[in-house]
Every structure is written in C-alpha cells, then in structure tokens.
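K.L.:
Chain by chain, the residues:
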Amino acid sequence: MSAVLQNLVNQPYKHGFVTEIESDVAPKGLNEDIIRLISTKKNEPEWLLDFRLKAYEQWLKMEEPKWPNVRYPAIDFQAISYYAAPKPKQKLNSMDEVDPELLRTFEKLGVPMHERAALAGVAVDVIFDSVSVATTYKQKLAEVGIIFCSISEAVHAHPDLVKQYLGTVVPVGDNYYAALNSAVFTDGTFCFIPKGVQCPMDLSTYFRINTEESGQFERTLIIAEEGASVSYLEGCTAPKFDTNQLHAAVVELVALDNADIKYSTVQNWYAGDENGLGGIYNFVTKRGLAKGINSRISWTQVETGSAITWKYPSCVLQGENSVGEFYSVAVTNNYQQADTGTKMVHIGKNTRSTIVSKGISAGHSNNSYRGLVRIAPTAAGARNYSQCDSMLIGDKCGAHTFPYIQVRNNSAKVEHEASTSKIGEDQLFYFAQRGIGNEEAVSMIINGFCKDVFQQLPMEFAVEATKLLGFKLEGSVG
Amino acid sequence: MIYHDSKVLLEVRGLRATVNGIEILKGIDLTVRSGEVHAIMGTNGSGKSTLAKVLAGHGAYEVTGGSVLFQGSNLLELAPEERARAGVFLAFQYPIEIPGVANSHFLRLAYNTLQAQRGEDEFDPLEFEDFVREKMKLLEMNPDFLDRGVNEGFSGGEKKRNEILQMALLEPKLAILDETDSGLDIDALRIVTKGVNQLASKDNAIVLVTHYQRMLNYIEPDFVHVMRAGRIIKTGGKELALDLEMRGYDWIGAEHRAAVGA
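Quick note, the sequences are listed as chains C and H, same order.
Sequential numbering from 0 applies to the first sequence in numbering that gives the first Met the number 0.
Sequential numbering from 0 applies to the second sequence in numbering that gives the first Met the number 0.
In short, the hints are calculated from the structure, not lab data.
Remember, predicted model here, so these are calculated numbers, not experimental data.
Don't be surprised by glycine CBs; every beta carbon is placed ideally from N, CA and C.
The following label-pair restraints were derived from C-beta to C-beta distances:
#1 K193/H - S420/C: 30 to 38 Å
#2 V462/C - E133/H: 26 to 34 Å
#3 W66/C - G118/H: 54 to 62 Å
#4 Y71/C - L75/H: 46 to 54 Å
Can you build the whole structure from these sequences, using the hints too?
P.N.:
Quick look at the structure:
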C-alpha cells in the first residue's frame with residue numbers, strides 16, 4: 000500500500016520546460032554597483048535608488064534567519080544574477096505584440112491568458128522574468144479610477160502614491176529577505192483602488208520564473224482607499240531546473256477605513272525532483288495593514304510547489320473593528336519543506352482574526368505551521384480563532400505546529416484548535432469497498448479536508464486548486 | 000432462505016491468511032448459495048472479522064493458502080474495488096469518517112461507479128437525491144444525513160444505518176455484515192435488521208458476522224458457523240445460536256478438541 004501511496008505522490012512536474020527568449024542578464028553578484036545598475040536600467044528616480052541602497056546597507060548587517068524548520072545548503076548570494084529582462088523591452092499595447100514564444104509557453108501551461116482574461120473577466124498583468132510584458136483590461140479599470148500596472152510603471156506614472164506607501168507595511172529592514180528584496184526588486188505589481196470603488200473584476204497576476212539562476216524579487220503593493228474593495232489573485236508556476244532558484248518577494252497591502260482586500264494565491268513552483276534535487280526557494284514576506292476602522296484583509300493561499308517555502312502572510316489589525324483572515328492549504332511531497340503560517344497582530348479595539356490552516360505532508364517532506372497571535376494592550380475586546388489541521392500520507396513525512404500566542408489585554412479571547420490525521424489503509428479500503436479506486440478516494444479525502452479553505456477562493460481558482468492538489472498527490476496513496 | 004435450485008455464490012476452500020506474519024485464518028471452508036443467510040459466530044479473536052476483511056480484500060492481510068471462488072471466478076486475484084463492483088459488499092464494524100465530504104457526494108460516487116460498471120447511465124445530483132431518499136425511508140433516516148460529512152460525528156447507530164443504506168443502494172450479490180449489531184440500541188437494531196431483511200432475496204446472500212445471538216432474533220439464519228482460532232469448528236442451523244446463547248462458547252471448544260483428539 001505504501002508503494003501505491005508513493006506512486007500517487009510521485010507525479011513528475013508537468014510544467015518543466017524553458018522558453019527560449021533572449022534575456023538581458025546582469026553579471027552575477029550583489030554590490031552597490033549592481034543596485035545602481037538595476038536602478039539605472041529601470042530609469043528610476045533618486046528616492047527609489049536611496050530606498051534600495053538603504054535596504055542594502057541594512058541587509059549587509061543582517062543574518063539569514065535560522066529559526067525556520069527547514070534545512071538547505073547555504074545560499075551564495077554572490078552567485079546569483081539580480082537582473083534579467085526579456086527582449087524586446089518596449090511597451091506592448093495588445094496581446095498581438097507579445098512574443099509568440101511567450102504565448103506558446105502560456106499555452107503549454109494551460110493558461111491561455113487572453114482567453115482566460117476574456118472568459119473569466121480577469122485582468123492579467125503578466126510578469127515574465129521580472130518585467131511586465133503585457134497588461135490587459137487596464138483601460139476598463141482606469142474608467143473607474145483603478146490603477147493596475149507594474150510597479151516600475153507606477154514609479155514613473157504615480158510616484159507620489161508609490162513613495163507614500165512603499166515600505167510602510169514591510170520596512171526595508173524588516174527581515175533578511177525583505178531587506179534583500181527592497182534592495183534589488185526588479186518588478187512586480189501595483190494596484191490602487193480609490194475611495195468608494197468596488198473593483199469590478201478579480202485582478203490577477205501570473206508569475207513565471209524563467210532565466211536560469213536569476214533570482215526573482217517581486218514587489219507588490221496594493222492600496223484600497225476608504226470604502227474600496229478588491230480581490231487579487233496570484234498564480235505561479237515555473238519551469239524545471241536543477242539549480243535552486245531563490246525567490247524573495249515582498250507583498251504589502253494597505254486597507255484604509257472600511258476597505259476590504261482579499262488576496263488569493265495558488266503556488267505551484269518547481270519543487271525539485273523526487274530525490275529533492277533542485278526546486279525553488281520561496282522566501283516571501285507578505286503583510287497587510289488593516290489601517291482603517293472596519294477594514295478587512297483576507298489571505299487565502301494554496302501552496303503546493305517550491306523546494307522550500309518560508310512564508311507568513313500576516314495582518315496588522317490597527318483600525319478599530321478591523322478583521323484579519325488567513326486560510327491556507329500547504330501541500331508538501333518528496334523532499335519539500337514548508338514552514339508557513341501567519342501573524343495576526345491585534346492593535347485596535349475589537350479587532351478579530353481567523354486562522355484556518357491545513358497542512359498535507361507526503362513522501363519524505365516536512366510541513367510546519369508557524370503562527371503568531373499577538374494581542375497588544377490597546378486591543379480591548381480582540382478575538383482570534385485558530386484551527387490548524389495536519390494530514391499525513393505515508394509514514395516518512397512530518398507535520399509540525401508552532402503556535403505562538405501573546406496576549407497583553409485580558410478582555411481578549413483567543414482560541415486554538417489543532418488536529419492531525421492520516422490517510423491510511425483503512426480509509427482507502429473503505430472507499431475501495433464501495434467500488435471507488437485509490438486516486439479518486441485520495442482526491443475526495445483531500446478536498447474534504449481542504450474544503451474550508453477552498454470555499455474562500457474565487458470560483459475558477461478553486462477549480463484549479465482542486466485539480467492541482469489531485470495531481471500533486473497522484474501516485475502518493477494506494 | 001434455502002432454495003433447492005440456487006447456485007453456489009461463494010466457495011471458500013482451505014483459506015489461510017496472516018497479518019504481520021501471524022496466521023489468523025488457518026483453513027476456512029465455507030459454501031454460500033444465493034438466497035441463504037449465514038451467521039458466523041465466535042469469541043473475540045477467533046478470526047471472524049478477519050475472514051470478512053480478507054474476503055473484501057483488505058491490504059493488511061496476506062492470503063497464504065486456499066482458494067475463494069465468487070460466482071465461479073477467483074475472487075482473490077481481484078483488487079478490493081473490483082470485488083466491490085463484482086457484488087461483494089462489506090458493512091464495516093467501524094465505518095470510517097471522511098470529514099468535509101458530503102455523504103450524498105460519496106454515496107452518489109459509489110452508486111455511479113457501479114452504474115458505469117453495469118453500462119448504465121450515471122445519476123446527476125438531483126436524480127440521485129430522489130433515488131437515495133426512497134432508500135433512506137427504509138432505514139428511517141433523516142434526509143439531513145445526506146448533507147453531513149460521511150460518518151462525521153455520526154452516532155454508532157447512525158453509522159451502521161449508513162452502512163445498510165449503502166447496501167440498499169449498491170444491491171450486492173453477497174453482503175457481509177461485520178458486527179453490524181454492535182453498538183446498536185434495541186430500536187436501531189430493529190430498524191437496521193428490518194432493512195436487511197427487506198434487501199434479502201433469492202438472488203443474493205447475507206453473511207452475518209456477530210458475537211451475540213440477539214441479531215439472529217431479527218434476521219433468521221439458515222446456517223450458523225462457529226469459529227475458533229481461525230477455523231470453523233461447528234456448523235448447524237439457527238438452533239445452534241440459541242445453544243451458544245445459553246451455554247457460551249466453551250463447550251464447543253471442548254467438543255472440538257475431543258473430536259480432533261487434541
């Protein structure tokens with residue numbers, strides 16, 4: 000039976016191919032000159048160069064965090080190229096102008112973005128090797144005053160907004176990888192929803208890492224002004240390489256009074272082969288500031304890829320009555336390692352947070368939930384509910400839970416529930432005895448296990464996530 | 000009921016099986032014809048639940064000897080799901096909980112798998128709902144069972160009813176009921192056994208694995224087999240169960256030992 004389990008999990012990565020597009024790659028290594036080069040290449044204003052240099056200065060003094068429950072060889076930061084841009088670089092006004100090779104890549108991935116955009120009403124800002132290639136639906140969004148563009152573009156077109164908010168949620172020296180990102184980020188997404196506007200469609204970005212050994216440092220900034228609301232989708236997939244690729248993104252969300260930001264991620268980056276060779280290192284800092292009263296920030300993530308995941312989408316609940324949510328499914332297989340969870344920092348009165356985390360471990364993988372619930376002395380009446388469930392497939396994987404709870408206001412209510420279960424022979428036998436084969440059984444069990452999280456995802460994303468889990472775990476159970 | 004013209008459904012010869020290298024079944028012989036009801040009784044550890052699981056194909060058990068023919072074909076070479084689709088049904092002693100999966104979804108998938116096997120049309124959720132609700136009446140089940148997770152938070156009695164509901168849906172040729180009476184109060188036992196009786200016909204057979212005679216007050220067996228240490232040591236009619244109720248199991252063991260000269 001463990002053999003069948005193994006087969007189900009050991010499905011090769013289907014998105015492993017490299018697109019041959021000529022890249023403009025910076026020499027390997029990191030120093031002030033490289034940062035100046037990036038800034039010059041991107042024709043940036045002085046204040047942004049200062050921002051980068053300040054971050055670099057802080058980074059030099061910092062040490063790589065050693066506390067996550069993950070193991071990997073030391074990263075040689077001087078062996079990474081910090082800038083790669085696909086050619087041609089000129090702005091494109093329509094999909095027709097996009098390199099056909101790139102379009103074919105999307106076809107192979109099963110993400111025909113133009114169709115997808117048209118059918119689903121999703122605006123897709125395509126990030127391809129750190130530079131935006133095409134942005135759709137921008138016009139339509141502009142009509143209601145929404146700005147949705149690459150962050151490089153925003154730096155030029157809306158410098159005041161970027162300057163006002165960049166680094167306010169995740170300061171340049173927040174942590175080792177955030178500092179690195181702040182120094183060398185090449186592109187990302189900027190989104191601004193003005194006062195009172197409900198974004199008419201889900202906004203979506205497909206990320207894709209392409210050039211071998213080029214670290215990818217995305218920067219995303221989303222601002223929802225008073226009474227505004229937006230749902231943002233981030234989906235990722237990357238080609239297969241043997242060399243580890245570092246990815247250290249920073250995502251900052253700001254919600255003003257009565258604003259609502261929902262951020263959903265489905266992540267399927269190359270996880271390494273069945274022996275743990277290769278795969279993406281995903282060291283991400285994601286944080287939302289619920290700044291205004293009654294504001295809400297909701298994170299939903301389905302993490303299935305990467306060799307190593309280090310990621311804690313967090314909410315700082317500053318506004319009175321603000322709400323933070325974190326819904327997560329993390330799947331690890333083979334030799335994948337994930338240390339993921341959230342931080343809910345309650346500052347304002349009557350702030351509420353919900354954490355629902357579902358970890359699924361298979362193969363030789365290790366899956367850790369790490370979560371902090373902090374109730375500040377000012378957060379009278381704050382409430383938190385946390386639920387952390389782990390599921391094990393096979394007997395060589397690990398599930399770990401590290402909940403940290405710090406309560407400094409005695410009117411607060413904090414609840415934590417946890418469970419561990421195992422897809423075992425008895426469950427599969429029960430299905431089989433009703434005529435249902437192993438693969439279908441596993442898919443049903445997993446989807447039942449993840450239901451509370453999947454129902455938070457937008458419809459088309461939920462379907463994608465369900466399929467993705469099915470194929471990630473195919474062959475792992477039997 | 001015993002019919003003179005009925006065909007042999009299940010033929011077990013010299014069946015031996017081990018779990019973790021320990022032999023549990025030490026040579027079982029059993030013949031079941033369609034229309035018949037067999038009761039397999041015995042003390043804890045006598046191997047009766049193991050026999051049920053081995054027939055259904057549980058992977059933890061290794062068959063080390065003997066043969067099992069089901070409708071004339073070798074049952075042992077079929078995967079558990081193939082045995083199920085061929086018409087072997089096991090009502091579990093401890094039905095498994097599947098959190099988050101709606102019972103209706105699970106039941107429909109099981110039913111549609113069988114429909115596909117028979118080359119018949121699959122039911123969509125609405126058609127299935129009507130169909131399953133009829134079957135539920137038989138077991139006096141509340142329709143809200145359909146929306147709950149499979150066996151999730153069900154009481155012992157509810158789980159057993161859910162098992163028999165599946166039997167009603169799948170209409171197996173051979174239904175093996177593994178201690179379906181355990182954990183049932185007297186009302187639930189009456190409802191469950193009434194359901195089983197209504198499902199029994201001359202085209203199918205029922206094997207009841209049970210510890211106690213009380214279930215046999217409701218479902219009348221044609222044959223009673225007593226297991227001990229991995230063998231069937233005595234076979235009789237329904238009166239044997241009554242004897243066991245009055246005298247316990249020890250006398251049969253003693254009689255058996257005397258007979259084999261142990």
